[in-house]
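With chain A fixed as given, assemble chain B onto it according to the hints.
Chains A and B supply the protein sequences, listed in that same order. The numbers in our numbering rise by one with no breaks, and the one at position 350 of the first sequence is 351. The numbers in our numbering rise by one with no breaks, and the one at position 84 of the second sequence is 85.
Note that identical chains are pooled: a pair holds if it fits in a single copy or bridges any two copies.
Simulated pairs of lysine to aspartate or glutamate, DMTMM-like, Cα-Cα distance not exceeding 25 angstroms: (1) Lys409 with Asp332; (2) Lys405 with Asp129; (3) Lys275 with Asp263; (4) Lys336 with Asp129; (5) Lys335 with Asp129; (6) Lys336 with Glu307; (7) Lys409 with Asp129; (8) Lys413 with Asp372; (9) Lys409 with Asp375.
Please keep in mind that the hints were generated in silico from the structure rather than gathered at the bench.
Number of protein chains: 2
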Amino acid sequence: MNGMSGEQETAEGAPADQPRRGLSRRALLGLLGAGAVGGAAGVGAAAAIGNARGGPTGGSSTTYPFAAEHQSGITTPSQDRLHFAVFDVASGTDRAGLVELLQDWSAAAARMVRGEEIGASGADGGSDLAPPDDTGEALDLPASALTITFGFGPTLFTAADGTDRFGIAAQRPAPLQPLPRFPGDALEPALTGGDLCIQACADDPQVAVHAIRNLSRIAFGRASIRWSQLGFGRTSSTSTSQVTARNLFGFKDGTANIKAEDGSAVDSFVWVQKSDGPGWLEGGSYLVARKIRMQIEPWDRAALGEQERVIGRSKGPGAPLSGGDEYTDLDFDKKGPTGAPLIGADAHVRLAHQSTNNGARILRRGYNFVDGNDSLGRLDAGLFFVSYQRSPEQFVTIQRSLSKDALKEYIKHVGSAVFAVPPGASEGGWVGETLFT
Amino acid sequence: MNGMSGEQETAEGAPADQPRRGLSRRALLGLLGAGAVGGAAGVGAAAAIGNARGGPTGGSSTTYPFAAEHQSGITTPSQDRLHFAVFDVASGTDRAGLVELLQDWSAAAARMVRGEEIGASGADGGSDLAPPDDTGEALDLPASALTITFGFGPTLFTAADGTDRFGIAAQRPAPLQPLPRFPGDALEPALTGGDLCIQACADDPQVAVHAIRNLSRIAFGRASIRWSQLGFGRTSSTSTSQVTARNLFGFKDGTANIKAEDGSAVDSFVWVQKSDGPGWLEGGSYLVARKIRMQIEPWDRAALGEQERVIGRSKGPGAPLSGGDEYTDLDFDKKGPTGAPLIGADAHVRLAHQSTNNGARILRRGYNFVDGNDSLGRLDAGLFFVSYQRSPEQFVTIQRSLSKDALKEYIKHVGSAVFAVPPGASEGGWVGETLFT
Numbered sequence: 002m003n004g005m006s007g008e009q010e011t012a013e014g015a016p017a018d019q020p021r022r023g024l025s026r027r028a029l030l031g032l033l034g035a036g037a038v039g040g041a042a043g044v045g046a047a048a049a050i051g052n053a054r055g056g057p058t059g060g061s062s063t064t065y066p067f068a069a070e071h072q073s074g075i076t077t078p079s080q081d082r083l084h085f086a087v088f089d090v091a092s093g094t095d096r097a098g099l100v101e102l103l104q105d106w107s108a109a110a111a112r113m114v115r116g117e118e119i120g121a122s123g124a125d126g127g128s129d130l131a132p133p134d135d136t137g138e139a140l141d142l143p144a145s146a147l148t149i150t151f152g153f154g155p156t157l158f159t160a161a162d163g164t165d166r167f168g169i170a171a172q173r174p175a176p177l178q179p180l181p182r183f184p185g186d187a188l189e190p191a192l193t194g195g196d197l198c199i200q201a202c203a204d205d206p207q208v209a210v211h212a213i214r215n216l217s218r219i220a221f222g223r224a225s226i227r228w229s230q231l232g233f234g235r236t237s238s239t240s241t242s243q244v245t246a247r248n249l250f251g252f253k254d255g256t257a258n259i260k261a262e263d264g265s266a267v268d269s270f271v272w273v274q275k276s277d278g279p280g281w282l283e284g285g286s287y288l289v290a291r292k293i294r295m296q297i298e299p300w301d302r303a304a305l306g307e308q309e310r311v312i313g314r315s316k317g318p319g320a321p322l323s324g325g326d327e328y329t330d331l332d333f334d335k336k337g338p339t340g341a342p343l344i345g346a347d348a349h350v351r352l353a354h355q356s357t358n359n360g361a362r363i364l365r366r367g368y369n370f371v372d373g374n375d376s377l378g379r380l381d382a383g384l385f386f387v388s389y390q391r392s393p394e395q396f397v398t399i400q401r402s403l404s405k406d407a408l409k410e411y412i413k414h415v416g417s418a419v420f421a422v423p424p425g426a427s428e429g430g431w432v433g434e435t436l437f438t
Numbered sequence: 002m003n004g005m006s007g008e009q010e011t012a013e014g015a016p017a018d019q020p021r022r023g024l025s026r027r028a029l030l031g032l033l034g035a036g037a038v039g040g041a042a043g044v045g046a047a048a049a050i051g052n053a054r055g056g057p058t059g060g061s062s063t064t065y066p067f068a069a070e071h072q073s074g075i076t077t078p079s080q081d082r083l084h085f086a087v088f089d090v091a092s093g094t095d096r097a098g099l100v101e102l103l104q105d106w107s108a109a110a111a112r113m114v115r116g117e118e119i120g121a122s123g124a125d126g127g128s129d130l131a132p133p134d135d136t137g138e139a140l141d142l143p144a145s146a147l148t149i150t151f152g153f154g155p156t157l158f159t160a161a162d163g164t165d166r167f168g169i170a171a172q173r174p175a176p177l178q179p180l181p182r183f184p185g186d187a188l189e190p191a192l193t194g195g196d197l198c199i200q201a202c203a204d205d206p207q208v209a210v211h212a213i214r215n216l217s218r219i220a221f222g223r224a225s226i227r228w229s230q231l232g233f234g235r236t237s238s239t240s241t242s243q244v245t246a247r248n249l250f251g252f253k254d255g256t257a258n259i260k261a262e263d264g265s266a267v268d269s270f271v272w273v274q275k276s277d278g279p280g281w282l283e284g285g286s287y288l289v290a291r292k293i294r295m296q297i298e299p300w301d302r303a304a305l306g307e308q309e310r311v312i313g314r315s316k317g318p319g320a321p322l323s324g325g326d327e328y329t330d331l332d333f334d335k336k337g338p339t340g341a342p343l344i345g346a347d348a349h350v351r352l353a354h355q356s357t358n359n360g361a362r363i364l365r366r367g368y369n370f371v372d373g374n375d376s377l378g379r380l381d382a383g384l385f386f387v388s389y390q391r392s393p394e395q396f397v398t399i400q401r402s403l404s405k406d407a408l409k410e411y412i413k414h415v416g417s418a419v420f421a422v423p424p425g426a427s428e429g430g431w432v433g434e435t436l437f438t
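The following block holds chain A by itself, in its conformation from the complex:
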């Protein structure tokens, strides 16, 4: 963790001649970066410094604490990039091994969200004769608003063959069941289920990738990646400070999402309450992940009117077809000149709305993805849907309602998983401590 990086040389104009002990280079960079930007004026200057000094790939120096009442990465304002990975625990790992893995993961995560490298020797310290603790690709990058969120799948509690590998079957939350099959599901086993998940979100993709890579490396021999997904563009906002972003259908996505600032909605719909049980999950949540492939080419060939009818909103401003602007309430009764409702019976916004679903709402936190192209030259693209809810039943209710969704003609659900998300770690503690101790 000693020695000077090229970042610092650039920021200060000349190499420093003394290493500064006790402060990581990434932390030090954050300090220098802040000073540098404070002296800049105008968007051009700020953007240039973002690239030239604030980290090669333009990340931010925002940090979120690892130890907190709730895990971060849920109501945290959605960062721009995602690396999501699902792990299966190796057959030789017992309860003590799993606990040790969770402790190791938490210790590493607590360092990385501060913008520090993994372990005592970092990426370039320690002995020449040993592999570096950290893989190094985030060495010059700021914390970039990194959050690392852990979840426990149904099979962690009861394996597919019914065994209680880790002595936690009795602590399994009743609602933590594999999701039911929904009409039209085309799930691929290789993109479905799993024992554990890690959601890494950051404003710089290299920081999110670095987190998953190093956590995967730490798990070596104890757990390995079952499936994973990179997302490049956040969709749903989770804070009133964020504008609504667009999905790859070109529509604003998540206008009506639960926002962190609405504490009463967050308590009602996101955090597991004491009365819900089990006790170890109080202050946690449930995560549902769905990999949704978009039929990009048929959508692009659909008329604007068809696209807007399917969604129930206008494409540009994102206003309901019943009138107003993006944030105007949906009026499902308002009729057009033909006497039919302006927002159709099978419009996506109607079927997803709480009024159609006994009041059920969820906090969405999805990302756009492009995985290249298929053999016909079509983009392999879509939405990696992630939602957090107090119970998976909220998602199930909405998804059942969406079985009549006009949008179904243009999408295909190919991956699916559900996880219980424990509360945050105590100071110096680890995620899962309320379950295992």
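Coordinates of chain B only, in the frame set by chain A:
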């Protein structure tokens, strides 16, 4: 192109009640965004505005002109994100059809690099009964330093079966030949070759993806994607204003790269000169793309000393093993206590250096990639290498030298292609006009 977007509402605090004709919403956003950031102080504020107002995914308002002596995206300071696509021309497309495609692509590219949508009706204008001209996912995003660079592969001039489909076989540049096979190549046909390429680089991945998607849509029936690649983290800097970024081996990559500010090196090594011929390619270049998969796990298990010996530089500061700091000249003769050179005979930096290659240099412009994981849970990751050179022979010389590279144990070249890159379009013109007219 009329109406107000959510961006503008947020930037101004309230919806505007009048559409502003004649100025695209993305252009307008750029203006508003600049005003908003001009009033901010400190890195936190600038970063927050970058996310909240400067576009949902934090892009920049930087723009590069499409019409220029040279195509942009070559000596342009490397943007943070890449979407690269290789196309094959459809069998029914003749010379006139190809010319029309190139003209359509250039017109669309010229709009997109200004931050505008495709076509007259944009993403939400025009008739309800027609598909929108633009797919819409970049509707609220600034130009984000987008560059779109076109290249012509060997098979565009002479098809695999020897036919001269477009009447340009006689104009084929002599150096534009499929690359020779290099020792250790493990090329996959599905990632190799192709008639045309488009490199879209931007500071926001959604803007780069939007460009490739819309250009692919425009090509419908005339050309289709053969293979493609997303890259999330730039490696080599192409400007002295940029710090050196890191590849996924955790090392600084491209310290000794040709920089745009070194005009004499750029002329000597990047741009095709009049004396090189053919005339239509003067001011152009040659692009070599190599998809290089990294053996991440063996690398991560290698001792720090081994990693540094393989590269020939220190991991943290990136200094040559012969001493100094990142930018100190390499001293290949300097010996250590054992009498062996400090930079080994098979060190990557020695074999890639111009002194080992008859003075040959190339302008590198590569990106890190992660394509998910393989069935064993290992990251499918590496470097998407892109280089520009006055002749492919420069790359071939260096790559032959690298056949003894110690790094070869940790990498595998799986994709490969070479393209002639025409000079830039004239004002209102199109890329390829010097070849076809």
